[in-house]
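With chain A held as given, fit chains B and C onto it using these hints.
So the chains spell out like this:
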Amino acid sequence: MGLLDSHLLTWILFAPAIGAVLMLLLPADRPRLLRRAAFAFSLVPLALSIYLWIGYDPARAGYQFVEQVAWYVNIGSSYHVGVDGISVPMVLLTTLLTPLALLISWSVEERIRSYMALFLFLETGMLGVFLSLDLLLFFVFWEIGLVPMYFLINQWGSANRNYASFKFLIITMAGSLGLLLAIQLIGLTVGTFDLTTITRVWPTYAASLSVAGLPVNLPVETVKAIAFWAFVIAFAIKVPVWPFHTWLPDAHTEAPTAGSMILAGVLLKLGGYGFLRLVLPLYPQQASAFAGALAALAVLSIVLGAFGSWGQSDFKRLVAYSSVNHMGFVLLGVAAAARAYGTLSANDAIIAVNGAVLQMFNHGLSAAGMFLLVGVIYERTHTRELSAYRGLFPLAPVYGGILIFTAMASLGLPGLNGFISEYMVVQGTWPIFSAYTALAMIGLLITGAYILKAIGSVLHGPLNESWAGHKLEINRREVLAIAPLMVLMLSIGVWPMWILRVIEPTVMRLFG
Amino acid sequence: MIPLSWYLLLAAALFCIGLYGVLGRRNAVAVLMGIELMLNAVNINLVAFWRYLTPTVIAGQAFAIIVFAVAASEAAVGLALIISIYRQRSTVIAEDIDLMKW
Amino acid sequence: MPTTLLIWLIPLPPLLAFGLIVLWANRSPRVSTAVAVGGMALSWVFGLVVFAAAVGAEHLGAEPFASSIPWLPLGTEVLRIGILVDPLSAITLFFVVWTCLAIFVYSIGYSNFGKARDPQDRPGLPPHAGGVEPLYGRFFAFLSLFAFGMLTLVLSDNLLLLFIGWEIMGLCSYLLIGFWFGKESARKAMVKAFITTRVGDVFMLLGIAALYSFTGTLSFHEILRSPDTLNALAAAPSGVLGLSLAGLIGLLLFAGTVGKSAQFPLHVWLPDAMEGPTPVSAMIHAAAMVSAGIYLILRFFPLLTVGWHPGEPLTTTMLVISAVGAFTALFASTIAVAQNDIKRVLAYSTISQLGYMVAAVGIGAFVAAAFHLVTHAFFKALLFLGSGSVIHGMEHGLAASSKNAAQAMPGQGGPAGQSGAHAGHDHVDPQDMLNMGGLRRKMPWTFWTFLIGGLALAGFPIVTAGFWSKDEILSAAFGTHTLVFVLLALAALLTALYTARQIGMTFFGSPRSPAAEHAHESRPVMLAPLVLLSVFSIAAGWAGIHHEFPVIGGWIPNWFEEFVAGALAAHPEATAFALPPLLTSLVVSLGGLTLGFLIYRRLPRGAVDPLARWLGPVHTLLRNKYYVDELYAAVVVRPAYWFGETFVYAWTDRKVIDGVLHGAARLVLAVGAWLRHWIDLLIVNGFGDLVGGATKGAGRMFRVIQSGRVQAYLAAGLLFAGLMLSYMLLVRP
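Protein chains in written order, with our numbering: chain A, 1 to 512; chain B, 1001 to 1102; chain C, 2001 to 2733.
None of these hints come from the bench; they were simulated from the model. It is possible that part of the hints are untrue.
Using C-beta positions, here's what the derived DEER-type ranges look like [said to hold, decoys possible]:
| no. | chain 1 | residue 1 | chain 2 | residue 2 | range |
| --- | --- | --- | --- | --- | --- |
| 1 | B | Asn1027 | C | Ala2698 | 30 to 40 Å |
| 2 | C | Ala2062 | A | Pro58 | 54 to 64 Å |
| 3 | C | Ile2552 | A | Val494 | 43 to 53 Å |
The C-beta atom is built at its ideal place from N, Cα and C for all residues, glycine as well.
Next comes chain A alone, as it looks inside the complex (with noise of 0.2 Å):
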């Protein structure tokens, strides 16, 4: 246990890339095998971050579980991680849709050892980015993600993937080019790539700014700004924020079922993340001046992202959209603190940011579970289009609970988890930014007609003949791959409380 406590979150972190590792030396003709082994490597994860989730100790100030090993010595950067009570939540919430989504990959068929051997780094990377708590090792997991699900998407998508994965991997890693910059220039200014010392050196730095030994005749606040703008826009594209949005419609749609949920579940969050994590913490002025800017944005995803998902006629491409408009409310939360910062609203902008945590965490769960049943319908109907189901609920009645359930969490019904994040991102946000919350309530009206034009379209409707005779409910596997979303749901919709203990005294004392 002791070699356990010391180091959980670097087992945590590679135990995924061991896994695949391991994968890549089984037999690749034994898909039974590989698939359960994949199945097996992913919940070893799983029940660490459920021990760290026990572990963790809210009401310690700083992060925890923390570990740091000498790196580049040379430019300060060294193996640095940690967490708080923002990174748990995502941690686990990684951890968990890892496993659920290999247990959704049990239809794909083809090089079955590479598919498993990828998600299994994706998971790395993805948990690096939340455990990182160095700038340098941080740009380094943000980039590992990507590969894994460029190939997701390309070897085993649907047919524009090609068009689909190339965007994707394109468009964020443009956007990375300006992270990687401003990364480069914090740490040669602060002199380290260490996180803890950024955030106390950054935010107050007003010394001429001299990057590598170059003078750069620009005002400090300039560069600062620029630099800013540079974060803003990488996890802007990220998150997605519009008008960065339309790589995700196109990945979403084309990716396979499991790298729809691992996408829209946990790849959004780590723009949502990048801003708390830093953002926010280095350049509180900045996105102060900017934070109508950014509320605006965000409002222009909420509304844009509700219409665009309720045009759709695909229903992949309508849960995709719904993302944009769900990750929204995690931005206006942002751009509320963000605005806050030293007045007086830091009340209010505790709420704020605790809703958009929460709400990250939950679109990690209703989203993944839509995309999940996305996939149950569409293995059996080979047809992502709303005008071909029609009327199916008689022809699978479970099928049908499940997904009027996980889309009244999605609509953000009160009861379930949707309701609590975006009450709370509301509750927040009114006092600060009162017009824009009236704006994004436009889209929660929106919300409401695009969940129900997908129920509608794919359950009611005029009674289809043309199913009568497939199979089309959903079965065992499939039903314990969507429960434990659908346990949290509902336990996060009734009892907030045991999420929110964990997520709430971290934004107090970051924001407070």
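Positioned in the frame of chain A, the structure of chains B and C alone reads:
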């Protein structure tokens, strides 16, 4: 005594005749003969310098003997090569033996 | 068991019933019924016990039964949720448990429990007469969830929990209105209901956020019973339209009511909601959902009327509320007069009656509005269930008459005859009152109970509950705002008119179709709730007789007034009794009833509605609901959908944003091609080629030296040696 220069002149004349033979004769055997002349001219030079400058040191004589040996073996080899070429190409004219060109 | 614990338990049995049915008892109608009705019955028992306790408690308004737990951390504080029973929630609880139980029992018969499954019935479509509902378990599951939502709402002690119950009911109404999702009209109606109420809900959410951010709490007791908080809210400016914060929040919350209680302009969902099975209509439109909207504004009465005292002119908020209510009351009653579907008349009637209650709140008549809420729940539920009984009878008559028709044509036996019967089934609408007539002889129990309900609705004097509550509202309006009084009086006249029209067309005269001829009475399990509700429709009003009422005032103390008035911190006094509103009430009620009865009691078969003849184009306008739906579709729905599908997705996303991205990609490709062409190929490759070419050229130039002729080599060597020698001797000695 006959002055040294006479011997040198003789050697030089012989050398030039030999050089003319090497460069100007068509027949390969004649070229070889010219080479023999040149070598002998060198020999005369060597002996003359030995007799007139350092009579007591044997190096000049020894060098002349070596040159004889070289000339003889070189003639043997050269003739053997010419015979071989003649057997291949039925000619001993130096100008026509130009295979090793660009 | 302490009362507060019991209150916590009240909403739980239906929730458990929902869970049990969904997870386990789905397939078995018997178990579903037992679980659902059992759960509701438990809630009913607990509810009545709590009600009894509430009635017996002193100062229940100031010291309600309350209990709360911490639930949601919001910043530095933790929002508590819990239960609160004060007079308002007590009487609401009373009618909710009674009406819900009645509806549950009725649903057993309505869903044809105990009958065999008709093989031609398909899940998602209404069952044929005589076949059990294919999705029986699902129906009771949703009804149970609905009851849970309403009970949660009623018993909640804070606005957030109320909102949770509110939205859960919204979900259930969506699922229940679209219960027969195989019908396109049902599918459209379910979405319409959800979205239209959601419009109101998003405003309400803003109101909740605004309220919390100012006061730091959402608890009813802390906000509404604290004069300091209320005055602070009234004094704070909101920055919107010059309203105070209290006004803004009040209007935002009222927007929720406008949606949920189907006031103009968000009334359009309610008539279409008739697509659901009749018990659903009763549940949504009488017992539960629409009542929730009224309950909300009654609960927030102190906030809505802050700064106002009886006798003073109305505040802006109150004016808005009473305007909406009074207008809706009249507006909907005009439409109801022109409807032929038995349930649509009741739907518009509900909208109109809710307008009454809203108007009452708007003019400050708290007790009167609450009174009408209670009585309306009973008689409207009765009317809806009665109409369901009528429809069932008509459907049975339809099946019987087409069977007769099929038997009368023996040559068409077998499948052809069956399809003929069903074709007939589709053409004759069992819900159209023009096809009814004379049903009072065929369905006597239904008739008498429906009559009682209808008379209550019309405000028939003394013996019906509706009279007392409506009269109180009219009295209050008379004393406060003349225009509102006039509008409400006119609405009352039309109410009586269309009620008599409805009863006349349905039950009097002679049957106008074979279906009506062969109709028969419904099962006892459906009739018992009707009888129960008629008892309440008669007697409930007697709890609130004004003590100055001529002759009988004072015989029974005005218990309702005393009890409910205690809910407000500022105990309102009973309005003084005045004769004109009473007379007006009598005139419009009796006059309307008589007029309607006379016109419609003997409508012959195939007749055109007399009103249609007299009013001509106006009638067409009324029958088409003033084309409001069409207006919304053209101005709101279609443009919004166009915005989503075309503007946002096709244009902005695909053409503009992706166009930018693709353009950037093309630019990069072009730059790359340019670089390759001009720099890579030309310069870099060219340089390499140049070097190679030059070398080759030089080589070609120099190789002539290699002639292969030995003598030439020797000559060259000689020449070079000569040069070297001369260089070494002459130039550099």
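Hints and how they fare:
1. Asn1027(B) / Ala2698(C): 30 to 40 Å: holds, 36 Å
2. Ala2062(C) / Pro58(A): 54 to 64 Å: At 39 Å between Cβs, range violated.
3. Ile2552(C) / Val494(A): 43 to 53 Å: For Ile2552(C) and Val494(A) the Cβ distance comes to about 51 Å; the hint holds.
Consistency with the previously given hints fails for number 2 only.
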